[in-house]
Amino acid sequence: MSAHRRPLIATALAATAVLTVAGALTQTASASPSPAAPGTSSDSQAAAMHLAPLKQPTAVKPAQDKPAPDCTAAARQPGHRMIHVVGGNPGKNQLSATATKFICGPDVPNDGYYEPTGSPRTFKLAPGAQSRLIALGDFGITQTEVPAAQLIKHADDCAHQRDVARPYNCFGGNYDITVDSAGRITRIDEAYHP
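Everything in the sequence shown is counted per my numbering, starting at 782 for the first residue and increasing by one.
Note that these hints are calculated values from the structure, not bench results. If you're wondering where the values come from, they're calculated on a predicted model, not measured in any experiment. Don't take every hint at face value.
Below, in silico cross-link-like pairs of lysine to aspartate or glutamate (EDC-like), each with a Cα-Cα straight-line distance of 20 Å or less [said to hold, decoys possible]:
| hint | residue 1 | residue 2 |
| --- | --- | --- |
| 1 | K934 | D957 |
| 2 | K934 | D944 |
| 3 | K873 | D961 |
| 4 | K934 | D888 |
| 5 | K882 | E926 |
| 6 | K873 | D938 |
| 7 | K934 | D970 |
| 8 | K873 | D970 |
| 9 | K873 | D919 |
| 10 | K905 | D970 |
| 11 | K934 | D892 |
| 12 | K905 | E926 |
| 13 | K882 | D892 |
| 14 | K882 | D944 |
| 15 | K905 | D944 |
| 16 | K882 | E896 |
| 17 | K882 | D938 |
Build out the structure end to end from the sequences listed, making use of the hints.
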């Protein structure tokens, strides 16, 4: 395992531990409310003490005839498209990428994923295009504004399995984009999916 992936794994494990402890504390608080103090309303105190229990994770999602509405919602953000980058050329201010299809459903882990489809095509970035990369820091995961050339180089390095500069990492090569009327990218954000 490469050294630049260790912080990602540590972050994921820490997040899992926090969610597990939070779920246990929530269930304990819901199961044992304290008795009302003299002179206070037991209803208002019970309402203040009530914490909704978290849903327990399951190994398999319940079977349904079709995906729930929230399953495909991520694939339908107005004006946005998800592309899968297969290469980039910072000198020409362009990326080579395929379209994607959102795959989800009751038997799909991690609430779905974007699958590359079709042949790669060239995407040019418009002058002044905004670009953001995912940064892994001591305080978690953030999106950081970077120059377009830096994002293109990063995407190309990830597409060719090369090491990338810290605090960045590779997250599967998918990028959320918006385009202008000429089809040039006006905004591009690296998509995070562990």
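- prompt: Looking at the structure, which of the earlier hints fail to hold?
  reply: 4, 5, 9, 11, 14, 15, 17
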